[in-house]
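J.: One-letter residues, chain by chain:
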Amino acid sequence: MSAAGHALALRGLSKRYGSFTAVADVSLDVGQGEFLTLLGPSGSGKTTILMCIAGFVEPSEGAILLDGRDITALPPERRDFGMVFQGYALFPHMTVAENVAFPLRVRKLGAAEREAKVRAALDLVQLSAFGERLPRQLSGGQQQRVALARALVFEPALLLLDEPLSALDKKLRAELQDELKALHRRIGRTFVNVTHDQEEALSLSDRVAILNHGRLIQQGAPAELYERPVTRFVADFLGKSNFLAGTVQEALEGGFAIGAGATRILQAATSTPPIGTPVLLSLRPEKMALLAEGETAENAVAGTIAGWSYLGAGYALNVATPDFGTLRVTLPTWNAPIAPREGLEVRLGWSSAASVPVLDDVSPDDAA
Amino acid sequence: MMSFQPGLFARGSAWVVAMYLLLPISIIIPVSMTDQRFLSLPKEALSLQHYATVLNSPEWLGSIWQSFLIAVVATGIAVLAGTLCAIGCWRLSRRSTNLIRALMLLPIIIPSIVYAIGLYRYFAGLDLLDRFMGVAIAHGVTGIPYVVITVSTALAAFDPRLEQAARGMGASLMQTLRWVILPRITPGILSGGIFAFIHSWDELVIVLFIASRDVFTLPRRIWDGINENLDPAMAAVAVLLVVFTTALLLLDLALRRRRAE
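For the record, the sequence lines run as chains L and C.
Residue numbers for the first sequence follow UniProt numbering, beginning at 1 and rising by one.
Residue numbers for the second sequence follow UniProt numbering, beginning at 1 and rising by one.
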């Protein structure tokens with residue numbers, strides 16, 4: 001299969017069902033050969049967007065462009081997109097080879113060419129020996145690979161994946177994640193993936209678009225989203241985060257200081273909000289350290305261990321602090337400076353660059 | 001789960017109901033083997049003479065053949081129209097399509113005599129009275145509900161993502177229908193076809209109204225036979241009818257079992 005990525009663009013895409021807005025004004029670009037993941041909780045509109053791209057759902061407003069050409073009105077069978085459905089949607093009455101041959105049969109390819117392409121596609125997903133089996137005779141992971149082969153065999157302009165790994169157990173999921181990623185690198189096609197699994201999104205994608213309530217909240221490379229979340233929702237949905245609330249006290253060189261109760265926190269930033277504005281900082285649990293006797297850090301907060309758990313690679317501590325409530329801290333087990341126990345007094349330290357100011361976009365009905 | 005042991009009353013009433021269903025059918029078996037010349041139970045010996053009479057009578061054989069042909073054509077009409085209707089309703093799936101599906105069940109809700117009177121009026125104008133095609137059409141249309149029910153049931157179990165998958169891979173509506181939808185609902189279609197066939201095979205009321213001399217189906221010949229003379233040959237025909245219908249039902253059962261696997 002030749003590398004032939006196509007670029008996709010969504011322009012002001014909206015979808016309303018009666019008074020319910022499933023997708024609200026989403027604009028998004030997917031570059032040639034890019035692996036983009038739409039990530040969000042259930043009901044965030046991610047699947048609706050994918051169905052709009054595939055052509056199964058007609059958008060209420062906005063346009064879908066493929067290499068600059070408007071395809072909004074094109075029916076799904078003329079879009080030439082490969083799709084891996086949730087639950088795979090393999091045809092149960094056809095063998096694996098017949099399933100993979102289906103898109104070629106539809107395109108009236110000759111038998112010889114069809115056979116060669118089916119063989120190549122099954123090779124690609126390492127299922128050459130399974131052509132004569134029926135889908136129900138395969139394991140979940142194998143079915144998933146058949147679905148991939150079937151979606152790729154006709155060299156589609158775009159590959160759409162609807163929660164492709166959600167039906168698999170954790171170990172298999174990790175394995176297929178690696179395979180999917182390698183496959184994407186190998187064939188260089190444009191992939192659009194939908195998932196609610198943040199780990200999957202981070203590890204697979206070149207770029208992630210985070211959605212909530214039908215709106216695009218933030219998009220960017222996985223590391224960028226993780227390190228520099230713009231809103232509380234993003235910080236909370238991608239990984240775990242503590243949120244420190246305070247008000248701006250003073251502008252400093254390269255940042256500002258906030259106060260919360262008796263505590264003063266330094267935050268690195270390129271600009272300072274006006275003095276007195278309330279701010280919210282996102283602070284990842286792994287970016288804090290336990291300070292030894294006499295050790296100092298830019299920010300230091302004392303607290304007591306209210307609970308802890310052993311997670312193998314690390315400890316997770318819940319540290320009760322007077323001004324920020326309970327903070328979650330993770331420490332690598334192998335060089336933890338203390339043996340955690342409840343009631344132990346500790347001091348937490350972190351640098352002013354460890355935390356990020358975020359917008360508080362979490363409405364009460366989101367706080368589950 | 002607690003195991004449930006039926007009491008004497010439940011057991012007894014179950015047997016009564018079963019007997020009530022089976023006895024009238026089983027009584028015709030000895031009657032058909034009577035050694036007498038009239039409709040009665042055998043007196044001295046069992047005899048197959050009435051079966052011989054039926055199988056040597058051009059009238060009876062003619063009626064059996066005609067009933068069979070009518071049932072085949074009627075089944076064709078019912079299967080085609082019923083399947084298309086069920087698929088159409090399933091694909092559109094709006095409130096109006098539920099109404100259409102309900103409308104399609106009218107022939108089994110409305111008493112057939114009402115239907116027969118209506119058909120009599122219409123068919124007179126269309127020159128379909130006492131015509132093979134007239135009876136076949138009437139039976140075909142009244143057989144549609146059976147097909148609509150079984151095909152709709154099969155479609156309810158059909159994963160709509162399979163259709164999306166097919167279309168997403170470039171299949172046209174016809175290709176999707178032929179390669180994906182039809183193979184999945186074939187057992188439902190066959191099942192509906194069998195019921196439509198049985199419906200036509202033993203239908204009497206409509207035939208009494210819209211046929212007279214040329215179209216003489218098997219149920220009608222039995223009916224006439226009972227009215228005119230009490231020939232035990234009728235019992236023999238009735239047994240053949242029951243055997244044939246039972247065979248069709250067993251076929252349906254076998255198909256369902258295969259689908260369940």
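Treat the hints with care, since some could be wrong.
Chain L regions said to be covered by chain C (calculated; three or more residues, Cβ under 8 Å) [as the list claims (entries may be wrong)]: (1) 80-86; (2) 99-106; (3) 281-294.
To give an idea of the interface, some chain C residues facing chain L are shown, with a C-beta separation under 8 Å as derived from the structure [said to hold, decoys possible]: (4) M169; (5) A171; (6) V180; (7) R184; (8) P187.
No lab work stands behind these hints: they were computed from the structure.
Every residue, glycine too, gets a C-beta built ideally from N, C-alpha and C.
J.: The structure should be examined with respect to each hint, and the outcome stated for every one.
T.: Hints and how they fare:
Counting residues of the region 80-86 of chain L whose CB falls under 8 Å from any CB of chain C gives 6; the rule of at least 3 is met. Counting residues of the region 99-106 of chain L whose beta carbon lies closer than 8 Å to any beta carbon of chain C gives 4, which meets the minimum of three for the stated coverage. Proximity of the region 281-294 of chain L to chain C, defined as three or more residues with a beta carbon under 8 Å from a beta carbon of that chain, is not established by the 0 residues found. Proximity of M169(C) to chain L holds as hinted, the smallest CB-CB distance being about 4 Å (cut-off 8 Å).
The criterion of a C-beta within 8 Å of any C-beta in chain L is met by A171(C), whose closest approach is roughly 4 Å, and the hint holds. For V180(C), the suggested interface contact is upheld, since its CB lies about 6 Å from the closest CB of chain L, less than 8 Å. The closest approach between the C-beta of R184(C) and any C-beta of chain L is roughly 6 Å, which is under the 8 Å cut-off, so the hint is satisfied. Taking 8 Å as the C-beta contact cut-off toward chain L, the hint placing P187(C) at the interface is violated, the least distance being around 11 Å.
Taken one by one, the earlier hints fail for this structure at numbers 3 and 8, listed in ascending order.
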